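Engineer: For reference, the chains in residue letters:
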Amino acid sequence: MNCSEIQNHLSAFLDGEIDASQAKAIQDHLAQCDACRQALDGLQAVVREVRILEPVPPPDDFLAQFHHRLDSRKAHTTWIKRLFRPLHVKLPLQLVTAMLVGGFIYYVVQTQQPCLITQPEKLDAVSRTAPIETQKSGKGADENLSMPLKDHQADIQEEKEEAARPMRKEALKRLLRENGVDSAAVRKKSPPPDNLELKRKILEERQVRALSPSEDQTGAPAPEAPKKDKSKQALEAKKREPAKRDTVIKLGEPIIYGPQEELPQKPAPAPKRQRRVIQLALVIDAPSHIGNKGDPRRSAPLVQEQERIKPQAEMRDRRTRGLTSTDSRETFEAEDPMMDETQAPPLDMIASQEKTRSLEPEIEDFRSPASETPKKRAIGQAPPQTTPEPEMGPTPAEKTPSRTALDQIIKLVKQVEGDVVDVSYSQADGLPCTITASIPKQGSRVFLKALNNVGQLTPPSKIIDTKEPPRITFRIRLLGNQAGLNCD
Amino acid sequence: MTANPKNLKPSDKSDEALVRMFNAGQKSAFDYLVRRHQDKIFNLCAYYLGDMQEANEISQEIFIKAFRSLDKFQFKAAFSTWLHRIAVNTCKNRLKSLEFRFKKRMRGLNLGPQEQSDPAPLQITDNAGSPLRQLEQKERALEVRRTIDALPDDKKTMIILRDIQELSYDEIAAVTSLKAGTVKSRLARARLMLKDRLKHVL
Numbered sequence: 001m002n003c004s005e006i007q008n009h010l011s012a013f014l015d016g017e018i019d020a021s022q023a024k025a026i027q028d029h030l031a032q033c034d035a036c037r038q039a040l041d042g043l044q045a046v047v048r049e050v051r052i053l054e055p056v057p058p059p060d061d062f063l064a065q066f067h068h069r070l071d072s073r074k075a076h077t078t079w080i081k082r083l084f085r086p087l088h089v090k091l092p093l094q095l096v097t098a099m100l101v102g103g104f105i106y107y108v109v110q111t112q113q114p115c116l117i118t119q120p121e122k123l124d125a126v127s128r129t130a131p132i133e134t135q136k137s138g139k140g141a142d143e144n145l146s147m148p149l150k151d152h153q154a155d156i157q158e159e160k161e162e163a164a165r166p167m168r169k170e171a172l173k174r175l176l177r178e179n180g181v182d183s184a185a186v187r188k189k190s191p192p193p194d195n196l197e198l199k200r201k202i203l204e205e206r207q208v209r210a211l212s213p214s215e216d217q218t219g220a221p222a223p224e225a226p227k228k229d230k231s232k233q234a235l236e237a238k239k240r241e242p243a244k245r246d247t248v249i250k251l252g253e254p255i256i257y258g259p260q261e262e263l264p265q266k267p268a269p270a271p272k273r274q275r276r277v278i279q280l281a282l283v284i285d286a287p288s289h290i291g292n293k294g295d296p297r298r299s300a301p302l303v304q305e306q307e308r309i310k311p312q313a314e315m316r317d318r319r320t321r322g323l324t325s326t327d328s329r330e331t332f333e334a335e336d337p338m339m340d341e342t343q344a345p346p347l348d349m350i351a352s353q354e355k356t357r358s359l360e361p362e363i364e365d366f367r368s369p370a371s372e373t374p375k376k377r378a379i380g381q382a383p384p385q386t387t388p389e390p391e392m393g394p395t396p397a398e399k400t401p402s403r404t405a406l407d408q409i410i411k412l413v414k415q416v417e418g419d420v421v422d423v424s425y426s427q428a429d430g431l432p433c434t435i436t437a438s439i440p441k442q443g444s445r446v447f448l449k450a451l452n453n454v455g456q457l458t459p460p461s462k463i464i465d466t467k468e469p470p471r472i473t474f475r476i477r478l479l480g481n482q483a484g485l486n487c488d
Numbered sequence: 001m002t003a004n005p006k007n008l009k010p011s012d013k014s015d016e017a018l019v020r021m022f023n024a025g026q027k028s029a030f031d032y033l034v035r036r037h038q039d040k041i042f043n044l045c046a047y048y049l050g051d052m053q054e055a056n057e058i059s060q061e062i063f064i065k066a067f068r069s070l071d072k073f074q075f076k077a078a079f080s081t082w083l084h085r086i087a088v089n090t091c092k093n094r095l096k097s098l099e100f101r102f103k104k105r106m107r108g109l110n111l112g113p114q115e116q117s118d119p120a121p122l123q124i125t126d127n128a129g130s131p132l133r134q135l136e137q138k139e140r141a142l143e144v145r146r147t148i149d150a151l152p153d154d155k156k157t158m159i160i161l162r163d164i165q166e167l168s169y170d171e172i173a174a175v176t177s178l179k180a181g182t183v184k185s186r187l188a189r190a191r192l193m194l195k196d197r198l199k200h201v202l
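Top to bottom, those sequences are chains L and G.
Residues in the first sequence are numbered consecutively from 1, following my numbering.
Residues in the second sequence are numbered consecutively from 1, following my numbering.
Hints were generated in silico from the structure; no laboratory data involved.
Only a predicted model underlies this, so the values are computations on that prediction, with no experimental measurement involved.
Be a bit skeptical, because a hint or two may be false.
To be verified - Computed cross-link-like contacts, EDC-like style, restricted to lysine to aspartate or glutamate with a CA-CA straight-line distance of at most 16 Å:
no.	chain 1	residue 1	chain 2	residue 2
1	G	K199	G	E139
2	G	K40	L	E54
3	G	K179	L	E17
4	G	K155	G	D196
5	G	K65	G	D31
6	L	K74	G	E61
7	G	K103	G	E57
8	G	K65	L	D71
9	G	K92	G	D149
10	G	K27	L	D71
11	G	K199	G	E143
12	G	K72	G	D15
13	G	K179	G	D154
14	G	K76	G	D170
15	G	K138	L	E54
16	G	K195	L	D41
17	G	K199	L	D41
18	G	K72	G	E16
19	G	K40	L	D60
20	G	K40	G	D15
With the hints as constraints, model all of the structure from the sequences given.
Structural biologist: Structure follows, in structure tokens:
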């Protein structure tokens with residue numbers, strides 16, 4: 001054995017844990033090798049140093065401490081054993097625990113599932129369902145569409161007690177049909193843009209209905225329904241308000257269903273709204289416009305219309321009373337014979353009619369008489385009432401496009417339940433040049449569209465957004481060669 | 001003439017006889033086993049863990065484990081070997097625990113009253129030599145203990161079991177579940193490492 005092997009066995013050699021032959025060989029090697037002998041001496045010194053270390057005695061009360069700990073542990077273990085060891089305790093305990101865990105998992109799964117739907121999808125679900133629910137319950141769209149789904153379902157029972165409105169149901173059904181969606185598609189697969197379009201159309205329908213309340217004559221109890229529980233509905237509207245606003249603000253929906261206070265049935269004060277003034281310029285004698293006076297086709301109906309001027313007293317009486325359903329009906333009755341008197345338009349007029357229709361797709365889609373009225377006038381029919389009121393300015397010596405336009409605008413203002421605030425006349429020639437009117441927000445879109453038929457409107461009519469105050473003031477300045485001068 | 005084992009006092013009976021008594025229902029027999037082995041087990045824990053309080057805690061834990069599992073003792077090895085196996089495993093687990101590591105870092109080595117700053121007055125006897133000599137021996141013993149405490153776990157186990165507990169190679173093999181040859185080589189390496197680290201003392 002060489003030195004390294006000898007040194008590896010020195011530890012066992014020191015302890016006598018080596019067989020005799022190996023011990024003899026190591027002893028012979030150590031007698032000759034000083035290095036290995038020094039290694040053995042060093043190892044012996046280390047072992048001696050360790051073995052002379054004093055033992056560390058335990059504390060005197062070691063056994064007492066042991067008993068104390070043993071007893072405390074025993075009490076603990078017996079309690080656990082008593083709880084788990086007997087079968088009549090263990091099995092029910094395991095069963096109850098398993099049921100609790102299962103119930104908890106079920107609860108977690110059930111509550112987590114709705115959270116997987118993102119916020120916009122939630123609104124879509126609400127907005128998709130709302131028109132369908134409205135259709136089912138037979139309630140007017142203008143009230144139900146603004147309700148959250150939850151509140152709406154809570155009120156279904158109450159709504160069923162009210163009289164059905166077949167006209168509105170028909171309009172909604174037709175609307176859905178024209179959009180190419182059935183009720184299931186509206187609930188499930190209607191993409192958000194279509195949905196917004198749907199909501200916008202329903203909003204338009206509501207505005208048009210505000211223009212023509214005479215339509216509701218078929219449903220006898222319907223007009224009385226909103227008056228029935230006004231205080232109750234106002235309370236409900238207050239309850240619904242915060243959740244509704246939260247949803248709208250959170251999701252940034254571009255078109256919302258009008259809040260309850262903005263509905264014509266229930267006008268409520270809106271103290272925080274600011275006054276909104278929209279200034280418009282209306283070119284009344286633009287050569288390309290349909291209502292151009294230079295067009296020979298327009299002159300004849302205008303002359304005919306002038307012959308149909310109504311008495312000024314009646315007109316004043318109407319303005320003071322406001323536009324009621326009866327008044328509106330009278331207007332239609334007055335218009336219908338005029339339509340009959342008109343001759344069939346030539347082919348180019350039909351073309352222009354189609355052009356006008358394409359310019360007004362939303363009103364066209366509804367096909368309601370109220371929405372068709374301004375269009376028919378724009379095609380070739382003169383407005384039914386063109387009499388300027390004496391208090392608005394000097395008595396007209398002759399009919400000019402500006403005065404005709406003034407009359408048309410005044411009539412439009414009345415139709416949308418607005419008020420003519422001021423009419424300014426040119427000091428130079430006495431012609432009307434600026435008309436200031438206060439229009440309800442609901443009727444402002446229709447009003448702007450109808451203004452397009454009176455003249456060429458600049459800027460374009462898409463300036464009304466959803467954040468407008470309930471009433472908007474329009475300042476319409478008439479422009480053109482035949483308009484008033486030096487109005488400023 | 002040998003005495004009948006049944007007539008012996010419990011303190012005179014062998015470990016195996018006391019275990020049988022315990023398993024037969026005489027729980028007090030375990031107290032004799034505790035008294036007989038507490039010094040060895042406590043000493044092992046004190047050197048293994050390097051702290052008196054920890055040694056007290058863990059040694060009592062070792063005896064509690066033995067008390068609970070004594071019915072599983074199969075008499076294949078000596079009771080002391082079986083007890084040492086429990087002790088080594090418990091001490092190893094304690095060394096690995098995060099709590100022990102944190103405590104050890106905060107306190108350092110604490111091996112009893114002889115380590116205190118105010119030791120008892122030295123007894124001058126003929127065998128003890130001069131006070132300076134006694135002080136040197138104490139300093140050396142403290143250094144050796146620190147060195148052993150700083151050894152890796154497996155080498156510390158070998159040094160403690162062989163040179164402090166003075167177990168035989170076979171007993172060490174039984175305690176550590178190693179082969180005799182492995183015990184030899186590991187013990188040799190542990191001693192060499194200790195010798196290297198104690199060069200300045202020796």
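Engineer: Determine for every hint whether it applies to the structure shown.
Structural biologist: Hints versus structure:
{"no.": "1", "hint": "G:K199 to G:E139", "verdict": "15 Å, holds"}
{"no.": "2", "hint": "G:K40 to L:E54", "verdict": "12 Å, holds"}
{"no.": "3", "hint": "G:K179 to L:E17", "verdict": "14 Å, holds"}
{"no.": "4", "hint": "G:K155 to G:D196", "verdict": "13 Å, holds"}
{"no.": "5", "hint": "G:K65 to G:D31", "verdict": "14 Å, holds"}
{"no.": "6", "hint": "L:K74 to G:E61", "verdict": "13 Å, holds"}
{"no.": "7", "hint": "G:K103 to G:E57", "verdict": "14 Å, holds"}
{"no.": "8", "hint": "G:K65 to L:D71", "verdict": "13 Å, holds"}
{"no.": "9", "hint": "G:K92 to G:D149", "verdict": "13 Å, holds"}
{"no.": "10", "hint": "G:K27 to L:D71", "verdict": "13 Å, holds"}
{"no.": "11", "hint": "G:K199 to G:E143", "verdict": "11 Å, holds"}
{"no.": "12", "hint": "G:K72 to G:D15", "verdict": "15 Å, holds"}
{"no.": "13", "hint": "G:K179 to G:D154", "verdict": "14 Å, holds"}
{"no.": "14", "hint": "G:K76 to G:D170", "verdict": "13 Å, holds"}
{"no.": "15", "hint": "G:K138 to L:E54", "verdict": "10 Å, holds"}
{"no.": "16", "hint": "G:K195 to L:D41", "verdict": "11 Å, holds"}
{"no.": "17", "hint": "G:K199 to L:D41", "verdict": "12 Å, holds"}
{"no.": "18", "hint": "G:K72 to G:E16", "verdict": "13 Å, holds"}
{"no.": "19", "hint": "G:K40 to L:D60", "verdict": "14 Å, holds"}
{"no.": "20", "hint": "G:K40 to G:D15", "verdict": "14 Å, holds"}
Violated hints are absent here; each numbered hint is respected by the structure.
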